[in-house]
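Student: Each chain, written out:
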Amino acid sequence: MAGGGDRFTEAGQSAAGDESVAAFDARALAEDLHRLVRIPAPATLEFAAIHAELDAAALDARLERAAARLRPALALLGRVPAPPTLRAPVEIAGPAFGRPGAGVRPLWRLLPRLAAAAAVVGGIAAAWWSSTQPPPRTGRFAAETAALADRAIVPVRVVMVAAATASDREREPKPARGGP
Amino acid sequence: MNGQRVAARLCALLLVTAAATLGGCDQEWVDSRCEKVVFHSAAHAFTAERTVRTDPIDPASAELPVEWTERIQSDGTGQIAVTLLTRNGRTREEIADPAALGAFDRLAAQLATGGGHRAFFQRDPAPDDLDRMVANYWVTIVGLVRKPITSRGEPALTYLIEPLAADRPSYLLTASTKSGREGFPLACEEHITLADGSSRCVSRMEVTSLVWGAPSGFVPNPQPIVKRTALASLEAARVRAAAAGLDLLLPRDDALPPGFELIIAEEVVMTSTANLARVERPVTLWRFVYSDGIEHIDFIEHGPPETMPREFADNDLFEVAFVSRFGSIASASLLHRGTQITVESRISTERFTGLLQSLVRL
Numbered sequence: 003m004a005g006g007g008d009r010f011t012e013a014g015q016s017a018a019g020d021e022s023v024a025a026f027d028a029r030a031l032a033e034d035l036h037r038l039v040r041i042p043a044p045a046t047l048e049f050a051a052i053h054a055e056l057d058a059a060a061l062d063a064r065l066e067r068a069a070a071r072l073r074p075a076l077a078l079l080g081r082v083p084a085p086p087t088l089r090a091p092v093e094i095a096g097p098a099f100g101r102p103g104a105g106v107r108p109l110w111r112l113l114p115r116l117a118a119a120a121a122v123v124g125g126i127a128a129a130w131w132s133s134t135q136p137p138p139r140t141g142r143f144a145a146e147t148a149a150l151a152d153r154a155i156v157p158v159r160v161v162m163v164a165a166a167t168a169s170d171r172e173r174e175p176k177p178a179r180g181g182p
Numbered sequence: 003m004n005g006q007r008v009a010a011r012l013c014a015l016l017l018v019t020a021a022a023t024l025g026g027c028d029q030e031w032v033d034s035r036c037e038k039v040v041f042h043s044a045a046h047a048f049t050a051e052r053t054v055r056t057d058p059i060d061p062a063s064a065e066l067p068v069e070w071t072e073r074i075q076s077d078g079t080g081q082i083a084v085t086l087l088t089r090n091g092r093t094r095e096e097i098a099d100p101a102a103l104g105a106f107d108r109l110a111a112q113l114a115t116g117g118g119h120r121a122f123f124q125r126d127p128a129p130d131d132l133d134r135m136v137a138n139y140w141v142t143i144v145g146l147v148r149k150p151i152t153s154r155g156e157p158a159l160t161y162l163i164e165p166l167a168a169d170r171p172s173y174l175l176t177a178s179t180k181s182g183r184e185g186f187p188l189a190c191e192e193h194i195t196l197a198d199g200s201s202r203c204v205s206r207m208e209v210t211s212l213v214w215g216a217p218s219g220f221v222p223n224p225q226p227i228v229k230r231t232a233l234a235s236l237e238a239a240r241v242r243a244a245a246a247g248l249d250l251l252l253p254r255d256d257a258l259p260p261g262f263e264l265i266i267a268e269e270v271v272m273t274s275t276a277n278l279a280r281v282e283r284p285v286t287l288w289r290f291v292y293s294d295g296i297e298h299i300d301f302i303e304h305g306p307p308e309t310m311p312r313e314f315a316d317n318d319l320f321e322v323a324f325v326s327r328f329g330s331i332a333s334a335s336l337l338h339r340g341t342q343i344t345v346e347s348r349i350s351t352e353r354f355t356g357l358l359q360s361l362v363r364l
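These protein sequence lines are chains W and B, in that order. The first sequence begins at 3 in our numbering and counts up one residue at a time. The second sequence begins at 3 in our numbering and counts up one residue at a time.
What the hints contain is simulated information worked out from the structure, not anything from laboratory work. Glycine included, C-beta positions come from ideal geometry on N, C-alpha and C. One should not assume that every hint holds.
[What the hints assert, rightly or not] Here are a few chain B residues that sit away from chain W, every Cβ distance over 10 Å (derived from the structure):
| id | residue |
| --- | --- |
| 1 | Ala110 |
| 2 | Ile163 |
| 3 | Leu264 |
| 4 | Ile302 |
| 5 | Ala334 |
[Said to hold, decoys possible] Computed spacing ranges between beta-carbons, pair by pair:
| id | chain 1 | residue 1 | chain 2 | residue 2 | range |
| --- | --- | --- | --- | --- | --- |
| 6 | B | Ala45 | W | Trp130 | 35 to 43 Å |
| 7 | W | Trp130 | B | Gly182 | 37 to 45 Å |
| 8 | W | Gly125 | B | Pro260 | 33 to 41 Å |
| 9 | W | Asp152 | B | Glu282 | 37 to 45 Å |
| 10 | W | Gly125 | B | Arg148 | 40 to 48 Å |
| 11 | W | Arg115 | B | Asp60 | 49 to 57 Å |
| 12 | W | Ser132 | B | Glu282 | 47 to 55 Å |
Bound-form chain B, shown alone:
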């Protein structure tokens, strides 16, 4: 079956290549089309409502599914507002239980600020580099549809992205093909491969309504990021972090899952209230992103916050990585000397553990 699939894909690739050649399309046109596949939400004005659901990897675990609806507004100038409408089927006004109310507010804040679990919930899988994606995934066109979410229906392409290595999720993505907004994510299903080889859907997102154009009464969410500086080399990151008293850790290449490579090294200044005075103060952190074209492994490294429990250091919990999971996302926190390191990824637990056990000093 695999051989037939490979043959079918090769044939499809040849047909596309032949069609492109016969059609006489130039490289610039191809590049332009490819760039449009990567949709930048903040660069377009729209209002979208969508439902999102995440399920635990292990149905027998204590973790339970979470389902919510949200409204995303973008004014097209880089500002975005995300509003939580319902959580587990209830609006905020319908919730009386304090614990559920707290959970609602936490999720709303996370979605709004773009921090914390925003990365878990909101990180729509989207290609960041087509060459890397094609090198690491099988891409199969499933169908062309017209989604009834706009007045005339939104033309859309559904495609399946399956990794060559079974240690990361596969996705069934539906994206708009409307000229000028190609790549806008309309639906997404995330599937993971279990140890017995079977597949399980662990999250799904679907846009339920979509209005193009500047939203009325738009109030962007406050963003904590003050400044981003792209770093040209790891040496530059090491020197700048050392000046701040940090000792950066990164994984060895041979411990990375196949196909991943470092694509971003940057210094970020953001405001945070994680200090004893509970007031907003600037915090400098170093961020490293490994990518296989779609999936990421994120490293965020900074000085330990003042609010870190004293017992943590007293009990000598240095070099201990605490790993938690939400859906298919694993998150690890590690204290190494004067540096707190957070690692997040959707790769399998085994891979993730191996990665954490192969960190070296920069």
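Only chain W is shown next, with the shape it has when bound in the complex:
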């Protein structure tokens, strides 16, 4: 195997110690992102396939495709700056990713992006909430029934009547012969 291919094994472990952490982080991050921002499932599957892939050329191509799909989301969270080249996946999984402090930005720089993300999530939530609400009444009696809101309520007492069906009587135990 050559190039980036020798960094991965079927189990997702790496020959180089610290790179295994980086590889694991990238996959976990991809899964988190999938859950959080609903990246199409194939992107995550692509990563899973990458870890099982032994062919370097195929790996590079798949890695590039996966990175291209993930890049906007990764960039949104500020974890990885959008790279200028298609070798980005190597950077994602590379040693730099695992270095202390690498890729970490001050919190205040993330605020605009967090606000944007919150707006998107809020919009989706509002759309979902509105989809659960019944539509306004528009039938031909709508105006007249709405006008009833001004009328005084007739005080009604509600009494529950115990269910007594014919089938109850059928199964009612008969008194024993000769009994009281």
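Chain W is fixed; fit chain B onto it per the hints.
Tutor: Showing chain B alone in chain W's frame:
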């Protein structure tokens, strides 16, 4: 999980929309298909046998399950005959106990005349308005099957209808997809949500045999309804009822469960023997139907029958709503001045009680 379900349904809706757009189908075709979802039994000729079972909401209650088989015949011209074949596994000839025999005859009469508990037992849930249904329910396609009830098997669609509000039942419906008879109900399960959030099946119906075409030796059941007049406004209903000495009550809008709206206001003349002479006489009643697309809240209002027990008025039981339940259906009777009001619905007890306590004069 809910988010995933919503997303899946949105995707399904988009796919259907996209397919319809790409397919170039016109609005008329869509409307035609939609109309066929609402199947009108009386407009088709067929003979169907089916089993029906209802279970009490509360298993610990005194109410017991009732199971029966029935034969429904329709000649396609609006006439229907419903015959009770067995009740709790026994034909009429096999029943010796007088109480059980009485129960059999009562149920048979109710099924035949279309009155009383016919509404309880026979009211197959079916969409009456697709827009309202989609606005108030999640609709999920469960599968396409071929039911072995006809010689070649009846192609059918099974779909789940779940309400946005948990105060009404959800249904698992199986309906025919055969061209020309789309929507014919082949099976139905009714589930309600209990207070602890769990679900319980309270009724199920399944067609066991089905023969299309005019039934031989058809004798339609006598129908008590003489005349129906659709009313254009509530004011018209109020004026006509006032002339008959009635004081109509309806619920305030804000007390209605979400999604319900008034869709029918009509004056009905029917024959009844609920009089001291026990002879058939015409009775005029006013009927109001609220619907959320599938579920109904029915109001039937008329003058108190002559046969009403005298103690009722003597004990000043006016404005007292007596509520009974059969399965998931609640039924309330209320005497208000010179008007008897009956309300029926499958909405939850809490909602139903709230509805009864928010009635206003029309």
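Student: Each hint needs a verdict: does it hold in this structure or not?
Tutor: Here's how the hints hold up against the structure:
1. Ala110: holds, 12 Å
2. Ile163: Since the minimum Cβ distance to chain W is about 15 Å, Ile163/B lies beyond 10 Å and the statement holds.
3. Leu264: violated, 4 Å
4. Ile302: holds, 16 Å
5. Ala334: With a cut-off of 10 Å, Ala334/B comes too close to chain W, as the shortest Cβ separation is near 8 Å.
6. Ala45/B with Trp130/W: 35 to 43 Å: Between Ala45/B and Trp130/W, where Cβ atoms are some 40 Å apart, the hint holds.
7. Trp130/W with Gly182/B: 37 to 45 Å: For Gly182/B against Trp130/W, whose Cβ atoms are near 39 Å apart, the range 37 to 45 Å holds.
8. Gly125/W with Pro260/B: 33 to 41 Å: Violated, at about 23 Å.
9. Asp152/W with Glu282/B: 37 to 45 Å: holds, 42 Å
10. Gly125/W with Arg148/B: 40 to 48 Å: The hint (40 to 48 Å, Cβ to Cβ) holds, given that Gly125/W and Arg148/B are roughly 44 Å apart.
11. Arg115/W with Asp60/B: 49 to 57 Å: holds, 53 Å
12. Ser132/W with Glu282/B: 47 to 55 Å: Once the Cβ atoms are compared, 53 Å apart, the range 47 to 55 Å for Glu282/B and Ser132/W holds.
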